[in-house]
Amino acid sequence: MADTHLDRDVLSALQEVMEDEYPTLLDTFIADSEERLLVLRKAEDAAQLMNAAHSFKGSSSNMGAIRLAELCDELEQRARQESLAGIEKLVGEIDGEFAIVRPLYEAERQRSLAE
Amino acid sequence: MQSLFEPLTILIAEDSAADRMLLSSIVRRQGHQVLTAANGAEAVEAFRQQQPQLVLMDAMMPVMDGFEAARQIKALAGETLVPIIFLTSLTESEALARCLEAGGDDFLAKPYNQVILGAKIKAMDRLRRLQATVLEQRDQIARHHDYLLNEQRVAKAVFDKIAHSGCLNAPNIRYLQSPYALFNGDLLLAAFTPAGDMHVLLGDFTGHGLPAAVGAMPLAEVFYGMTAKGFGLPETLREMNAKLKRILPVDMFCCATLMCLSFQRRSVEVWNGGMPDGYLHSSASGERTALTARHLPLGVLSPQTFDDRTEVFPMAVGDRVFLLSDGVIDTCDANEQLFGIERLERVFAANRQPEVLFEEIEQALRDFRGEARDDVSMVEVSLLEAAQISPPALVYSDSGQSCPLDWSVSFEFRAATLKRFNPLPFLLQLLLEVHGLRAQSGALYSVLAELYSNALEHGVLGLDSSLKRDASGFARYYQERNARLDQLRDGYVRLHLVVTPEGEGGRLTIRVDDSGKGFDVAQVMDRPLDGVRLSGRGVSLVRQLSRKASWSDDGRSAHVEFYWEALA
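So the protein lines, in turn, are chains E and S. FYI, the working numbering numbers position 58 of the first sequence as 446, with every residue one higher than the one before it. FYI, the working numbering numbers position 556 of the second sequence as 721, with every residue one higher than the one before it.
Treat the hints with care, since some could be wrong.
Taking CB as the label site, the calculated pair distances span [unchecked claim]:
id, chain 1, residue 1, chain 2, residue 2, range
1, S, Asp304, E, Arg499, 49 to 59 angstroms
2, E, Leu426, S, Arg194, 46 to 56 angstroms
3, E, Lys430, S, Ile306, 51 to 61 angstroms
4, E, Gly484, S, Glu259, 56 to 66 angstroms
5, E, Leu426, S, Asp304, 47 to 57 angstroms
6, E, Val427, S, Glu266, 24 to 34 angstroms
7, S, Leu295, E, Lys477, 46 to 56 angstroms
8, S, Glu301, E, Arg499, 30 to 40 angstroms
9, E, Gly484, S, Ala262, 29 to 39 angstroms
Stretch-level coverage of chain S by chain E, calculated; a stretch enters the list once three of its residues show a Cβ under 8 angstroms from a Cβ in chain E [claimed, not checked]:
id, stretch
10, 276-284
11, 443-457
12, 510-523
Calculated from the model, a selection of chain S residues having no Cβ within reach of chain E, i.e. all distances over 12 angstroms [said to hold, decoys possible]:
id, residue
13, Met225
14, Thr253
15, Gln528
16, Ser618
17, Val663
Keep in mind that the hints were calculated from the coordinates and are not lab data. Computed from a predicted model, the values in this text were never measured in an experiment. We put the beta carbon where it would ideally sit given N, CA and C, even for glycine.
Build the full structure now, drawing on both the sequences and the hints.
And the structure:
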């Protein structure tokens, strides 16, 4: 059920905007996201967690990663309220969601290069 | 009215590489140049170096966040509007308010929407251009204003050169006038006549600015030129009126009060054309006499219809004349209420010490008005003892080599001439060619003027000087004088001047004959040489100022002499 993870309309709009640079954008997002996940895992306090989740939420939403953006939003809210109980589980869910969308983006990249 | 599309240089500050890339592509597709920065510090540096016209700024960034970067960029931009659009998925109103406080002009939410972003960039660009236009026009106005002020400075400097011969700094004059009153059309002039009388003019040209000021120069030249040559008010007024009528456009004229304060005769002669009432304030009784406008302003009537009739009022030492421009009465307070004549009258009425009246009026205006205006002109001239006033010595530029020393001349002035012509300035010019007489020009002029007016008024017109015993008789005397002069059909005044060298010096003999009935010489000569009575001042003045003074032919022939020693 790819559609609960990725918004295909957003992807086609991105391809139209980026034209030849579309594959590079997808690469950049994947690399960017790995960095963000690293920061999330290493975050030492609620503020760091909140900022990282906020940024990740923004770029995920731009890239059409609906579920990822939702999870980041939830993390951001909880970090803001400093209700950190079970927060590792949420970070783990984000990790898991990225593990799902990552191959989808890679497949999209291959598809666009083959066009 | 957006003209052709003009691409902007837009700075994108965003730490997420994917978002930065996406946004750059969107903005570039819309035809703009893109600069990028990955944090706030880079953004400030990029702005400093390349002055982009618009900034898209992420709020949360490492090193320096978007709020601080926005503050620094706004500070660097100064008056120029550099719109900053915050890129944010912030939803809390508190965070959005922080963006605005930091100088943000708008927001763009993630995920980005191309259409909205394009519309926002356009809207911000319109705002930016509007601000630039406002600044440009403001600077243009400021430049224009400076230019105008500079022109006024130059014009004022020229005018001050023309007006330098004035005596506004005399001890009996106090005045209030903005240094730039000239450009509101206000004009205040004062000068001594050769006889030591003082002429004062307060004028108010129609209009403002340079047009109001141009008429001031010719008016001042006529005023100073004719006053210095000994012309009286009527001749000076006629000349001023004719000149202004000739040079000014029809809708321009000059309201003016012109007065002659005579310290020796203790009187003031006034002509008011269109100015607010002036006031003659008696220090003894506290009584005020209004000096009301009886004429149209200068520059309105043709020379043929112009009325130069003046009024004469007696004054005592310490009495004051106040003249003011309509700016005094029209001074507004914060609620647009006028100061008005009643308030001015109340200040007069409340006054207990005449010497501080001027300050009291100034204070009342200050207390009343919401803001200062520079078309408020006011002058106070007080009558001092003649000895306390020292007219400046006249300056002559000729060498003295051609000074005439042995001559005589006779004139006969008949009715038609006596009506309209004042021969004294010409006679004085002639006599001052004799260098030895120049040191006594004041006394010489006073004596000549006195003998001439005695011959005319008491002799030819048959006026009784005892009429001038009190203030009301004084006014009646001058009304009668004008009426009889109008009706004059025959009669004459004869003047004989004889200049003879005597050793290294010389002697001037003046004889004045008239066609009148004469007077009882013995009785007049018996009176003490005082200076207090209003009537009969003439004869005692002549006796005080000249070496020999005698009357013959039953008072119809006056004879005086002036002597001078070798010139140094």
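Outcome of the hint check:
1. Asp304/S to Arg499/E: 49 to 59 angstroms: This hint holds: roughly 58 angstroms between Cβ atoms.
2. Leu426/E to Arg194/S: 46 to 56 angstroms: violated (32 angstroms)
3. Lys430/E to Ile306/S: 51 to 61 angstroms: holds (59 angstroms)
4. Gly484/E to Glu259/S: 56 to 66 angstroms: violated (32 angstroms)
5. Leu426/E to Asp304/S: 47 to 57 angstroms: Holds, at about 53 angstroms.
6. Val427/E to Glu266/S: 24 to 34 angstroms: Because 28 angstroms falls inside the window, the suggested range holds.
7. Leu295/S to Lys477/E: 46 to 56 angstroms: 53 angstroms Cβ-Cβ, so the 46 to 56 angstroms window holds.
8. Glu301/S to Arg499/E: 30 to 40 angstroms: For Arg499/E against Glu301/S, whose Cβ atoms are near 53 angstroms apart, the range 30 to 40 angstroms is violated.
9. Gly484/E to Ala262/S: 29 to 39 angstroms: Cβ of Gly484/E to Cβ of Ala262/S: about 36 angstroms, so the range 29 to 39 angstroms holds.
10. 276-284: Answer holds; 3 residues pass the 8 angstroms Cβ test.
11. 443-457: Violated - the stretch 443-457 of chain S has 0 residues with a Cβ nearer than 8 angstroms to chain E, which falls short of three.
12. 510-523: violated (count 0)
13. Met225: violated (5 angstroms)
14. Thr253: violated (8 angstroms)
15. Gln528: Check passes; 65 angstroms lies beyond 12 angstroms.
16. Ser618: Check passes; 102 angstroms lies beyond 12 angstroms.
17. Val663: holds (114 angstroms)
The structure fails hints 2, 4, 8, 11, 12, 13, 14 (numbered hints given earlier, in ascending order).
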